[in-house]
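Trainee: Each chain is listed here by its residues.
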Amino acid sequence: MSSILAEILDAAKTVRAIAQGMAVTLSYIPKRKLTRQYPDVPVELYPRFRGEHYLARDENGKERCVACFLCSAACPADAIYIEADEDLRPYAERPGMEPRYARVYNIDYGRCILCGYCVEACPKDAIKHGHNFEMAVTNFADLVKDKQYLLSNLEREKTRNLTLRSDAE
Amino acid sequence: MASLRHSNVIELDYAPQRKIRELLREQSALDNAITISMGPQHPSTHGVLRLELILDGETVISAKPDIGYLHTGMEKQMETKKYQQNIVITDRMDYLNPMGNNLGYVMTVEKLLGITHDIPPRAQTLRVLLTELQRIASHLVWLGTHALDLGAMSLFFYCFREREKILNIYEAVCGGRMTVSYFRVGGLPYDVPPNFNRLVRDFLDEFPAALREYHTLLTNNPIFQKRTRGVGILSGEDAIALGVTGPTLRGSGIAHDVRRAEPYCGYETYDFDIPVERDGDVYARYLVRMREMEESLKICRQALDRLKPGPIKVDSPKIVLPDREQMKHQMDALIHHFLLAAYGFSVPPGEAYHAIEGSKGELGFYIISDGTERPFRCHVRGPSFVNLQAIPKLCQGALLADVVAIIGSLDIVLGEIDR
Numbered sequence: 001m002s003s004i005l006a007e008i009l010d011a012a013k014t015v016r017a018i019a020q021g022m023a024v025t026l027s028y029i030p031k032r033k034l035t036r037q038y039p040d041v042p043v044e045l046y047p048r049f050r051g052e053h054y055l056a057r058d059e060n061g062k063e064r065c066v067a068c069f070l071c072s073a074a075c076p077a078d079a080i081y082i083e084a085d086e087d088l089r090p091y092a093e094r095p096g097m098e099p100r101y102a103r104v105y106n107i108d109y110g111r112c113i114l115c116g117y118c119v120e121a122c123p124k125d126a127i128k129h130g131h132n133f134e135m136a137v138t139n140f141a142d143l144v145k146d147k148q149y150l151l152s153n154l155e156r157e158k159t160r161n162l163t164l165r166s167d168a169e
Numbered sequence: 001m002a003s004l005r006h007s008n009v010i011e012l013d014y015a016p017q018r019k020i021r022e023l024l025r026e027q028s029a030l031d032n033a034i035t036i037s038m039g040p041q042h043p044s045t046h047g048v049l050r051l052e053l054i055l056d057g058e059t060v061i062s063a064k065p066d067i068g069y070l071h072t073g074m075e076k077q078m079e080t081k082k083y084q085q086n087i088v089i090t091d092r093m094d095y096l097n098p099m100g101n102n103l104g105y106v107m108t109v110e111k112l113l114g115i116t117h118d119i120p121p122r123a124q125t126l127r128v129l130l131t132e133l134q135r136i137a138s139h140l141v142w143l144g145t146h147a148l149d150l151g152a153m154s155l156f157f158y159c160f161r162e163r164e165k166i167l168n169i170y171e172a173v174c175g176g177r178m179t180v181s182y183f184r185v186g187g188l189p190y191d192v193p194p195n196f197n198r199l200v201r202d203f204l205d206e207f208p209a210a211l212r213e214y215h216t217l218l219t220n221n222p223i224f225q226k227r228t229r230g231v232g233i234l235s236g237e238d239a240i241a242l243g244v245t246g247p248t249l250r251g252s253g254i255a256h257d258v259r260r261a262e263p264y265c266g267y268e269t270y271d272f273d274i275p276v277e278r279d280g281d282v283y284a285r286y287l288v289r290m291r292e293m294e295e296s297l298k299i300c301r302q303a304l305d306r307l308k309p310g311p312i313k314v315d316s317p318k319i320v321l322p323d324r325e326q327m328k329h330q331m332d333a334l335i336h337h338f339l340l341a342a343y344g345f346s347v348p349p350g351e352a353y354h355a356i357e358g359s360k361g362e363l364g365f366y367i368i369s370d371g372t373e374r375p376f377r378c379h380v381r382g383p384s385f386v387n388l389q390a391i392p393k394l395c396q397g398a399l400l401a402d403v404v405a406i407i408g409s410l411d412i413v414l415g416e417i418d419r
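These protein sequence lines are chains Y and X, in that order. Each residue of the first sequence is one higher than the one before, counting from 1 in this note's numbering. Each residue of the second sequence is one higher than the one before, counting from 1 in this note's numbering.
Same shape as in the complex, but just chain X:
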């Protein structure tokens, strides 16, 4: 028994770590460099991120992100499910931005089907409105947890209080609070409830006061400024070289936003600004996200004003489920309903990439279709995954305590990184 167990023992190979340490000793003549593992259970790594930090005293010499603790094989799973079933998987990637994920996925499938321009205006407007609300909700979670990491506890509760209102709107609209699955290929599955306008209007009226409170608590707070100003500086060139997108990129002085660069869902008709800060530090990224919430609020107001009654899905019985009343009384609608629910719709062969501006950056879906009702391959260009690659660059030379601020400022969600 003992010999059997002995034969199954896997020899752990510590050679790579030893080599790194030896190299570091040679390079910087540091005898006291220590390697510590931050995470995956560390509360400030926002999930199950593990950082392998090599420290000289309190200064970080190198930081290596170690991911995969939340790997669920979502991309592979998507190859086994029908196109409309994959929407529920996208909910679970970036679980703070499910509406955005749904939108990115369904728009890519719509691009493959060639029905991008057939989506009715009401569906387009609702999509814009709900994703912008989701952007606010996602930024609120970021703000609350980021401030909590840096020691401002009360802000966390105020952020989640406002976010709760958005989640309530989602619950009223589609029945799900975080796993919404509301957008469908070809439009929306059913219309919003009668009290939708009032709920959104109430939120839009209340939110500016809450935003002012957040500013009072943080923006001029000297403790917060000392923790964030000049910390984790990312230059514009580095940001582009690393492929960083979203508020992290705009905090480095690059005014790139997919909503402006490649407008979708009629974003070109909305009046909004792209907030940019030049400093590239944690504080700049904070300011960009705070101003983005105001801009999202502006877009939400405009979208709510132009919300007119009308159809919510394309008139294409082979792609969208028919109305329930039609399905119950018309034979052809019932046949289409059966075929769609049981077999799904087939997508012409080809490949498509479509990107939207998620709350964390460019969220792109790349789908290859082989003409069947299931994708041949679905790749996700997750903003968190790409933004995470800035961590070694940002953490080099920073203090150990600043690593927490840097991770917080990148706004990563591990569900999307590991997929």
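Bound-form chain Y, shown alone:
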């Protein structure tokens, strides 16, 4: 008799526990959905998000990079390739803010791990992290981004499918 009673009690407990669990799951059906429909709805990122880099320009549109090779030395993945050159023309005519500038500046995104060490190492604030993360390509060679691409990356970011969150208090 007592064993039957125990079994009934056990069954009641089981039903109760499952009903409680199901109540949690079912209570979510009418609630607001958390899923973001990503390609249709832009992604929200914080300003510090480490995305594809851009090369910064100074207030007159001159390249800030002076080809000091610090970013490429700090890079743990050996992703940055630079060739330095000198342009001794006056400021108005040359491309860089200093006579010394990077003739070639390539970042291989097949190697880059977006750790931010180059940004930290740069003494001229010339290389910065943008927020682009859509870097998939169909041709492996296209992963190597050249200087022209990186210089224009800041403008390109305005057309990207993302919005920035605020990290102000």
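None of these hints come from the bench; they were simulated from the model. Since the structure is predicted, the reported quantities are computational estimates derived from the model, not experimental observations. Treat the hints with care, as some may be off.
[Claimed, not checked] A short list of chain X residues far from chain Y (calculated; beta carbon distances all over 10 Å): (1) 61; (2) 114; (3) 266; (4) 318.
[Claimed, not checked] Which bits of chain X does chain Y cover? Going by a derived footprint, with three or more residues having C-beta under 8 Å, they are: (5) 106-113; (6) 212-218; (7) 227-241; (8) 282-296; (9) 320-331.
[Stated by the list, open to error] Straight-line alpha carbon distances no greater than 25 Å define the calculated SDA-like cross-link-like pairs of lysine to any residue that follow: (10) Y/62 with X/334; (11) X/81 with Y/108; (12) X/64 with X/398; (13) Y/128 with X/326; (14) X/226 with Y/10.
Yeah, the Cβ is synthetic: ideal placement off N, Cα and C, and Gly gets one too.
Assemble the complex: chain Y is given as a structure, and chain X must be docked to it using the hints.
Mentor: Leaving out everything else, chain X in the frame of chain Y:
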């Protein structure tokens, strides 16, 4: 052409397997023992773990873990990179616990440099706060996938919803969600953003309700209990003999926690409990991890309360990069910046081992320095790797369906096992 190809064929040696089967036949007089390979593509082995199971019907006679499918040679790679560059490699070991990995590595290098006690209080507190958040995030992934393995699907989504909030905090702090690389030798590279306190406070306020939901869904659920209670029992003695650490050890009734046994980062000043369960089965390990999340929450609250403005790195220009403003205006700071970024810092010769309590157990780094700016040898004592060795013991005599529960309860990450 045909003869050439023939000469290149490697003869596969099946002799060891045959021998095992013969031995088993002799020992247990089993004629129907079959060997099956579970993984490396099996979704419940949590990565690329392969188990070689010898079964008698549905009962496991022996289980042999086969690892190495994710081998990337990280330890060897670390010998070729400068000390500060190796931090990004540690992110990728236990990819569910990158903050903990960073902390273990930088603290070992700090021990070699002898600056362990010079780390400013704000950096210490932030380190504690962020690693405890990481522990919660790591346990959430474990909980979600473990429940998913056992058939509770909806919990998976709720766990990842909460984890997303922690990853958002990391994104706001350092720009990376999983590969954070935030801790540096000598402190932190830059301070947290202005909204950090609000983000963490919001999470800490919301999380207890979510934790209650998880308990409602699983703890008293009879199906979950039937799958986990009395399954994969690991006694305390066996756990110690196997070198198991972390929640797996505490589920077997041994109250050992590195945070309590050898406190670091000022853990001795925080008020928290070490959850212990005596049963040693899958359910006990589940309860330990669930209670650990509550304890981590407690530590996070205390850390957030004592977070005061202040310096975030040691005052040692030969080890940490100078402030950016200083670097731009002072010659000596610029020179130090150049030397550090280009050549790194050299570490006095010697060897050091430092262990922290990672989310999965004792995570230790053993570094030998030969006085240069690159480690001579860096060995990682990974908790997942050591805990994995309990699998043959736990699976013996279990049902095939319970193997999934046992693997899930050990909370392994293959990125750290194979390194």
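Trainee: Take the hints in turn and mark each one as holding or not.
Mentor: Against the structure, the hints come out as follows:
1. At roughly 33 Å, the least C-beta separation between residue 61 of chain X and chain Y is larger than 10 Å, which holds for a residue marked as non-interface.
2. Once the 10 Å rule is applied to beta carbons, residue 114 of chain X is consistent with being away from chain Y; the minimum gap is 24 Å.
3. Chain Y leaves residue 266 of chain X outside its interface by the beta-carbon criterion, the shortest separation being 26 Å against a cut-off of 10 Å.
4. Residue-level check passed: residue 318 of chain X sits 16 Å from the nearest beta carbon of chain Y, beyond 10 Å.
5. Under a criterion of three residues with beta carbons nearer than 8 Å to beta carbons of chain Y, the stated coverage of the segment 106-113 of chain X fails, only 0 such residues being counted.
6. Check on the segment 212-218 of chain X: 4 of its residues sit with their Cβ under 8 Å from a Cβ of chain Y, so the three-residue criterion for coverage holds.
7. Counting residues of the segment 227-241 of chain X whose CB falls under 8 Å from any CB of chain Y gives 0; the rule of at least 3 is not met.
8. With 0 residues having a beta carbon nearer than 8 Å to a beta carbon of chain Y, the segment 282-296 of chain X misses the requirement of three or more and the stated coverage is violated.
9. Counting residues of the segment 320-331 of chain X whose beta carbon lies closer than 8 Å to any beta carbon of chain Y gives 3, which meets the minimum of three for the stated coverage.
10. A C-alpha spacing of about 23 Å is found between residue 62 of chain Y and residue 334 of chain X, which places the hinted pair at or below 25 Å, so the restraint holds.
11. Proposed proximity of residue 81 of chain X and residue 108 of chain Y is supported: the alpha carbons are some 19 Å apart, at most 25 Å.
12. In summary, the hint linking residue 64 of chain X to residue 398 of chain X is supported, as the alpha carbons are separated by about 14 Å, within the 25 Å threshold.
13. Proximity of residue 128 of chain Y to residue 326 of chain X is assessed by CA-CA distance (about 19 Å); at most 25 Å being required, the pair is judged to hold.
14. Between the alpha carbons of residue 226 of chain X and residue 10 of chain Y the distance comes to roughly 13 Å, so the proposed pair stays at or under 25 Å and holds.
Consistency note: the structure conflicts with the earlier hints numbered 5, 7, 8.
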